[in-house]
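Fit chain V to the known structure of chain D by using the hints.
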Amino acid sequence: MLLAKIVGTVVATRKDPRLESQKLLVVRPVDPSGKIDGGFLVAVDTVDAGVGETVLVVSGSSARMASGMKDCPVDAAIVGIVDHVEVTG
Amino acid sequence: MQVGRVIGDVVATRKDEALTGVTLLVVQPLDPGRQPVGRAIVAADAAGAGVGEEVFFVRGREASFPFYPAEPPIDAAIVGIVDDWSTEGARP
Chain D
81 MLLAKIVGTV VATRKDPRLE SQKLLVVRPV DPSGKIDGGF LVAVDTVDAG VGETVLVVSG
141 SSARMASGMK DCPVDAAIVG IVDHVEVTG
Chain V
268 MQVGRVIGDV VATRKDEALT GVTLLVVQPL DPGRQPVGRA IVAADAAGAG VGEEVFFVRG
328 REASFPFYPA EPPIDAAIVG IVDDWSTEGA RP
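First to last, the protein sequences are chains D and V.
Quick note: the first sequence uses this note's numbering, first residue 81, plus one each step.
Quick note: the second sequence uses this note's numbering, first residue 268, plus one each step.
Bear in mind the hints are in silico, worked out from the structure with no lab data behind them.
Each residue gets a CB set at the ideal place from its N, CA and C atoms; glycine is no exception.
Any given hint could turn out to be false.
[What the hints assert, rightly or not] Some chain V residues judged to face chain D by a derived CB distance under 7 Å, without partners named:
hint: 1; residue: I274
hint: 2; residue: G275
hint: 3; residue: V277
hint: 4; residue: V278
hint: 5; residue: A279
hint: 6; residue: T280
hint: 7; residue: R281
hint: 8; residue: A307
hint: 9; residue: V318
hint: 10; residue: R328
hint: 11; residue: E338
hint: 12; residue: P340
hint: 13; residue: D342
[Stated by the list, open to error] So the derived label-pair ranges between C-beta atoms look like this:
hint: 14; chain 1: D; residue 1: V122; chain 2: V; residue 2: M268; range: 20 to 30 Å
hint: 15; chain 1: D; residue 1: D111; chain 2: V; residue 2: R281; range: 18 to 28 Å
hint: 16; chain 1: V; residue 1: S353; chain 2: D; residue 2: L99; range: 39 to 49 Å
hint: 17; chain 1: V; residue 1: T280; chain 2: D; residue 2: D155; range: 17 to 27 Å
hint: 18; chain 1: V; residue 1: W352; chain 2: D; residue 2: T93; range: 48 to 58 Å
hint: 19; chain 1: V; residue 1: R301; chain 2: D; residue 2: S113; range: 19 to 29 Å
hint: 20; chain 1: V; residue 1: R301; chain 2: D; residue 2: A92; range: 43 to 53 Å
hint: 21; chain 1: D; residue 1: E133; chain 2: V; residue 2: D298; range: 25 to 35 Å
In isolation and in its complexed conformation, chain D is listed as follows (with noise of 0.2 Å):
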């Protein structure tokens, strides 16, 4: 998984109907100190985050596994919202 942020929103009206209801947010990946580290990426939101706060990001097909998206044509879902991570390696 990937630590991110959310930087924003998306609002779309015509898509796929397995994407009907469902929240979709821009994020961009953080490294663990919480530095921005890359572009950015669209992510369905399975845990209703925000904007603002880091969070977990799955991708690939283990997206369809998140709460609710079985079957659903995604590859990117926010699965939590992350309280603090603690780098001491």
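Just chain V now, with coordinates in the frame of chain D:
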């Protein structure tokens, strides 16, 4: 699979129900010279690893297999702790 070093852990109270009880660790992939390479990732621990240890991890859909029959939404899992590893002819 890839070799990496566990460098930290992640605490997330609010998460997918299927992730409850799953330990999430920050893993830094290593090159053959044991130097960090690429972005650190968050992996589920299926081997009882700890911070500072060298591990190998699997990525993709298969990462959830150690937790079967549960199917947590994870795309990286630590599946072994490395005792020792070496390469021949690799860059130092």
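Requested in this report: Tell me if V:D342 is really an interface residue toward chain D, meaning its C-beta lies closer than 7 Å to one of theirs.
Outcome: Nearest chain D Cβ about 4 Å off; hint holds.
Requested in this report: Determine whether the Cβ-Cβ distance between V:R301 and D:A92 falls within the hinted range of 43 to 53 Å.
Outcome: 45 Å, holds
Query raised in the report: Should the interface hint for V:V277 be scored as holding, given a Cβ-Cβ cut-off of 7 Å against chain D?
Result: 5 Å, holds
Query raised in the report: Holds or violated: V:A279 as interface residue toward chain D, Cβ cutoff 7 Å?
Result: 4 Å, holds
Query raised in the report: So does D:E133 sit 25 to 35 Å from V:D298, Cβ to Cβ?
Result: 32 Å, holds
**Report entry** Distance restraint evaluation - D:V122, V:M268, Cβ atoms, bounds 20 to 30 Å
**Finding:** With a Cβ separation near 29 Å, D:V122 and V:M268 satisfy 20 to 30 Å, so the hint holds.
Query raised in the report: Does the CB of V:V278 sit less than 7 Å away from some CB of chain D?
Result: 4 Å, holds
**Report entry** Per-residue hint verdict: V:V318, partner chain D, C-beta under 7 Å
**Finding:** Nearest chain D Cβ about 4 Å off; hint holds.
Report task. Indicate whether the distance between the beta carbons of V:S353 and D:L99 respects the range 39 to 49 Å. Result -> At roughly 48 Å between Cβ atoms, D:L99 and V:S353 fall inside 39 to 49 Å, so the hint holds.
Query raised in the report: Once the shortest beta carbon distance from V:A307 to chain D is found, is it less than 7 Å?
Result: 6 Å, holds
**Report entry** Range hint 19 to 29 Å (beta carbons of V:R301 and D:S113) holds or violated
**Finding:** For V:R301 and D:S113 the Cβ distance comes to about 22 Å; the hint holds.
Report task. Answer holds if the nearest beta-carbon of chain D is closer than 7 Å to that of V:T280; otherwise answer violated. Result -> 6 Å, holds
The structure fails none of the hints (numbered hints given earlier).
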